[in-house]
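Peer 1: Chain residues, written in single-letter form:
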Amino acid sequence: MRLLYFAWLRERLGRAEEEVTPPPSVETVADLMAWLGAREAGRTTAAFAEPGLIRAAVNQEFAGPGTRLAPGDEVAFFPPVTGG
Amino acid sequence: MAGAVVRIGAADFEPGAELRSLSERTEGAGGLGCFIGIVRGEAAGRPIAAMTLEHYPGMTERAVRAIAEEAQNRWHLLGTTVIHRVGRLTPGERIVLVMAAALHRGPALEATSFLIDWLKTKAPFWKKEHFTDGAEAWVAARASDEAAATRW
Numbered sequence: 001m002r003l004l005y006f007a008w009l010r011e012r013l014g015r016a017e018e019e020v021t022p023p024p025s026v027e028t029v030a031d032l033m034a035w036l037g038a039r040e041a042g043r044t045t046a047a048f049a050e051p052g053l054i055r056a057a058v059n060q061e062f063a064g065p066g067t068r069l070a071p072g073d074e075v076a077f078f079p080p081v082t083g084g
Numbered sequence: 085m086a087g088a089v090v091r092i093g094a095a096d097f098e099p100g101a102e103l104r105s106l107s108e109r110t111e112g113a114g115g116l117g118c119f120i121g122i123v124r125g126e127a128a129g130r131p132i133a134a135m136t137l138e139h140y141p142g143m144t145e146r147a148v149r150a151i152a153e154e155a156q157n158r159w160h161l162l163g164t165t166v167i168h169r170v171g172r173l174t175p176g177e178r179i180v181l182v183m184a185a186a187l188h189r190g191p192a193l194e195a196t197s198f199l200i201d202w203l204k205t206k207a208p209f210w211k212k213e214h215f216t217d218g219a220e221a222w223v224a225a226r227a228s229d230e231a232a233a234t235r236w
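These protein sequences, in sequence, are chains A and B.
If you count the first sequence from 1, position 67 lands on 67 in my numbering, and the numbers rise without skipping.
Counting the second sequence from 1 gives a position; my numbering is that position plus 84.
No wet-lab data here; the hints were simulated from the structure.
Wrong hints could be hidden among the right ones.
[As the list claims (entries may be wrong)] Footprint (simulated), chain A over chain B, 3 or more residues, beta carbon under 8 Å:
#1 90-103
#2 205-219
[Unchecked claim] Here are a few chain B residues that face chain A, going by a calculated C-beta distance under 8 Å:
#3 C118
#4 G142
#5 V223
[As the list claims (entries may be wrong)] Quick partial rundown of chain A residues pointing at chain B, CB under 10 Å, derived from the structure:
#6 L4
#7 W8
#8 R10
#9 G14
#10 T21
#11 W35
#12 A38
#13 G52
#14 R55
#15 N59
#16 Q60
#17 E61
#18 F62
#19 A76
#20 P80
#21 V81
Cβ atoms here follow ideal geometry from the backbone N, Cα and C, with glycine treated the same way.
Taking the hints into account, I'd like the entire structure generated from these sequences.
Peer 2: Quick look at the structure:
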């Protein structure tokens with residue numbers, strides 16, 4: 001699964017993208033965020049500490065926390081958008 | 085129907101040329117609505133030196149095109165143009181252009197408002213402000229922008 005990060009999330013994580021293979025228990029966007037959050041436990045710059053501040057897209061479409069994931073999906077995490 | 089012209093990139097645009105282009109491909113239009121967004125020189129009273137706009141290549145183009153097509157369908161537009169710049173921009177520079185061509189002024193102006201309201205809340209762009217004192221900060225989403233978008 002390919003993950004992409006944007007804006008302050010990218011800066012806090014120190015990378016724009018990565019490949020991950022989550023366990024089968026990770027079925028939804030919310031599961032993936034919790035799994036990524038647990039991975040960074042103890043770090044003071046934890047990017048996923050406040051999931052309420054993070055939005056997601058799956059395969060380049062905005063996706064809510066309940067959206068189901070499949071292997072090979074492109075999943076992006078980012079703060080609420082501020083263009084225009 | 086001329087459809088939507090969408091461009092996302094670092095390059096500046098020339099408003100007069102874009103207006104002429106929209107006018108030429110929407111014969112029969114009775115009105116063209118236009119909004120241009122410009123980088124302000126301050127944010128909450130603090131002077132800024134520049135702003136950086138980040139986007140999600142691929143998804144951003146797709147999301148902006150979907151917004152333009154939504155406007156075309158809702159207001160039966162003859163054509164739309166949406167240009168959004170990315171990268172580092174300084175105060176006074178143009179950020180965004182939205183235009184809508186319609187048979188009458190009502191739909192042209194309404195669709196123009198709709199386009200910029202939805203661009204601000206439904207297209208993946210993120211702004212970072214670089215202050216003149218060297219500090220920098222990502223812009224937080226504003227509840228007023230969300231309220232403006234939901235009225236449509």
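Peer 1: Would you list, in rising numerical order, the hints stated earlier that this structure does not obey?
Peer 2: 1, 3, 9, 10, 11, 12, 13
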